[in-house]
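Guided by the hints, dock chains G and Z onto chain L, whose structure is given.
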Amino acid sequence: MALIRSFAAILILMFTVDAMAGGIEVREFDDPVMEKRYRDLTASMRCPLCENQAIDDSDAPISADMRDRVYLLLQDGQSDIEIIDHMVRRFGDYILYNPRLENRTYLLWGLPIALVLLGTLVVVMMVRARRNASAKALSAEERARLDALINRERSS
Amino acid sequence: MTRRLLLLLLPVGFIGLALIFYQGLSLDPSKRDSALMAREFPAFEATTLRDENQRVDQSLFKGEMTLVNVWGEWCPACKQEMPQLLGLADQGIRMVGVNYRDTREKGMQFLSEFGDPFETNIFDPDGELGFDLGVYGAPETFLVDADGVIRYHHKGYVSPEDVRDRILPEVEKWR
Amino acid sequence: MFIKMIPEIGHFALIVALLMAIVQSVMPLAGAATRRPLWMAYGRPMAAGQFLFVAIAYACLTTSYMLDDFSVANVANNSNSLLPWYYKFSAVWGNHEGSVLLWSLMLAGWGCAAGAFSSNLPRDMVARVMGVMGMVCVGFLLFILFTSNPFERLLPDMPQDGADLNPLLQDFGLIVHPPMLYMGYVGFSVVFAFAIAALLGGRLDAAWTRWARPWTNLAWAFLTVGIALGSWWAYYELGWGGWWFWDPVENASLLPWLTGTALVHSLAVTEKRGSFKSWTVLLAISTFSLSLMGTFLVRSGVLTSVHAFANDPSRGFFILMLLAITVTLSLLVFALRAPRVSHKVGFNWLSRDALLLVNNVFLVIMTVTVLLGTVYPLILDSLGLGKISVGPPYFNALFVPLTVMMCVFMGLGSVARWKGMEGRELLRKLWLSGAAALVLGILMPLLYRGEWNLWVSLGIVSALWVVLPIVRDLFDKTRHASSFIAGLRKLSLAYWGMVLGHVGVAVTIVGVAVVSNYNIERNVRMSPGTTVEVAGYQFTMTELIDRRGPNFLADTSIIEVQRGDTGRSFTMRPEKRLYIATGMPMTQVALRPGFFRDLYVAMGEDLGDGSWAMRVQYKPFVRWLWLGGLLMAFGGILAVLDKRYRRTSVARDTAKVAAKPPATQEVTV
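Chains as they are written, first to last, in our numbering: chain L, 704 to 859; chain G, -2 to 172; chain Z, 134 to 802.
Take every hint as true, because none was put in to throw you off.
Below, simulated SDA-like cross-link-like pairs (lysine to any residue); rule was C-alpha separation at most 25 Å, straight line:
#1 152(G) to 518(Z)
#2 170(G) to 31(G)
#3 59(G) to 150(G)
#4 28(G) to 516(Z)
#5 103(G) to 768(L)
#6 28(G) to 803(L)
#7 76(G) to 752(L)
#8 739(L) to 651(Z)
#9 520(Z) to 814(L)
#10 520(Z) to 772(L)
#11 739(L) to 533(Z)
#12 776(Z) to 618(Z)
#13 520(Z) to 22(G)
#14 552(Z) to 829(L)
#15 520(Z) to 504(Z)
#16 170(G) to 151(G)
#17 405(Z) to 626(Z)
#18 28(G) to 379(Z)
#19 739(L) to 580(Z)
#20 552(Z) to 834(L)
Read the hints as simulated data drawn from the structure, not as lab findings.
In isolation and in its complexed conformation, chain L is listed as follows (with noise of 0.2 Å):
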């Protein structure tokens, strides 16, 4: 197992060892909103072959094939629901760095904004529950006590 695992991780270095500052190609656009989309689309697609880049900077052979296609799709006049659709049934959502809102995507999205409310639950119930209680920050005697420990001598 363990040389199979290795003998595809050289696999896959052969195809990717050229994999840094990729993406770099002439592109022609007429419209600047069109190339802002290009470039929105490139960056928010994974490379299905690298570790963990987006088409635009991967060098990956593949990578220039699904550059070549969103260009292609654009001047199509395709929108970027379908653009992501198109590739989407071909490789599947793992390329999509951004996840589609799904059954097993609730949690990922719904979490950090269950967790801002809560959050804000937890705030004004304390400053309620505290807004009341007993001013002193530390008793005489803790005081004392902070006092005794911070200069106690080494010897003692």
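Frame of chain L; chains G and Z shown alone:
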């Protein structure tokens, strides 16, 4: 006391996460199913590797179960898996090759050097069909049933163990 | 003879260090439990001895690298005789085994320092701290010896030459980035040890927070610098001009940074006000646990990342066990020993207490968000729910609003008083800052680009809202001094630490907002004689030359750059390198850094016909990202230097000389 019990949820919750991590250790993050699983083989129109006047399309896969292998002369693992593919062809399994991002000349040379298990080779010099198949690096092998539906996908090198443990059982299942 | 044995000496030193760490983790804790001073006294000398022996092992490995001893597998795999000496030196930590050794060296070093600087702590507290540190050290030394031994030999078939260091790592950024990062990760182990020791000893009072604060600030400062350096390195070395990719490896460093930041603030509340005691302990445990979890995620291969280490499931399993034991045990101790809330310390809505609580809530939500996004693909995969990716669009969509919301409270927090204050007073202090932040922030994109941009405005309003109230507060605090400067000099270093920390956050936010939205990138075809214009700069390729470096061949473009028609011109030299030993191509970008903008030129592919694809970028305010990080770290260090942490030793000395009863010493609480 309830507070202590609630606090005990912390280590318990962490152990849950650790179990998922443990399971993750035995998963291979690069192993993914093809997005085309259980879908029809994509429509295409191409010529064959041997004959630039012979046109083929997706009807090639209707009527008989087929193993489709995406290969190229430039791909070292394709050469290494050839003996396994020849063995599969010997067992009477219909094989179709997709010559991916290659030239006719190099592709033909490859077949004469390493053997030809394929009934037909679809010539795909620009990777058009490969792209529609979601191929991102040869070799890749697809099992297409008699209705032309993709039933199994193997990414990368096919080892003799892969043939025995994965491909042949799938072939039996969909024959 | 002696030279040939160096790797074995290193290996042996590690084993000795392990034995000492075992003694260190057993004796002091047993001594503290049974009140035996002699046993307790084992802690410090064992920590020192362990540090010495790990240092010997580290020196041995470095020597093997320097002497090109390719019979050592680690050297053969990661070095080469052609490598310049400074990269041989840093190649030690450019690989898994060596970096774990560096990590252990730092861990032993922090343990040794914690022992040396704790002379004014109660003996049983020191013993427990040393014991906990010892246990962590045992874990890592076992990890090295059993799964990642850097001294393994390739005998008798030793290679003629080494496989070379990955070219990406042959760089100044790599010399400095990992040590800083590890100092941060590992530094949090000291705070962790303090927290566990306090739990075990049942002494969760304000005192332990006083002791833990400087250590926390120091570790946090290191981690901040480490992250900033990593981002800077990725920016100029990876060749596409990005500075943060939300890659698992980056997230692994961000997670302890976020909880560490929460800890720095929560320690302040606990020390000053005696509240949030359990929460602070939990944060200390979480921060170190997240450092360990980051190590697991990066080194086990469970997540795919651009710069993960070579993966090995047995290593992953070992770190997972280490992580599971550490975290489960410490959370158990926490659950069983966390103090009951005896009395509630009161505070009001508009108080520093409440605002720091809000700060902690936000930082925790950010932590959970980053953690969730990082491990979510793994969770789904483990449950058989398929493979998905979570990347920059997800993190940006959640992190940006969370940061903006937190900034709203940061502006209030730096001027609010403990316990509470009148809303009217707060309004009087802040209305001008608020109005100025809004007006300037909304106008700035119009003035700078002539076109309004929501995100830039949001960033600048947030940043100004963080900074302006501090400026106002500085004036308020110095009003009664003889002069403004004299007043400023009276302020404590801890206060300056807070000021710099917050200003650093604002500076980073400005950098992020501006460079993300106003970055100009053009991919062009260039050959000698071609001129392209980007953001008012003329880039002219004058020449293409071949060059030979110490261990690489390069195609170099000479590009003359001039601003407008009349500006000063200068030369930029981007390169495409081919490293000889590995055959790896590498892009060496040419950078023209500036305070308000960077120019960035990278060479792409040879397009034939003598022309090359080139990427030319204009990156405004990009330096502010890292400048902000440095300011934050500097703030953390200033806070460490505050005299109240030094006073304790001064007080001890005066107490010794004058035999003054300790209880009458003045303590700033």
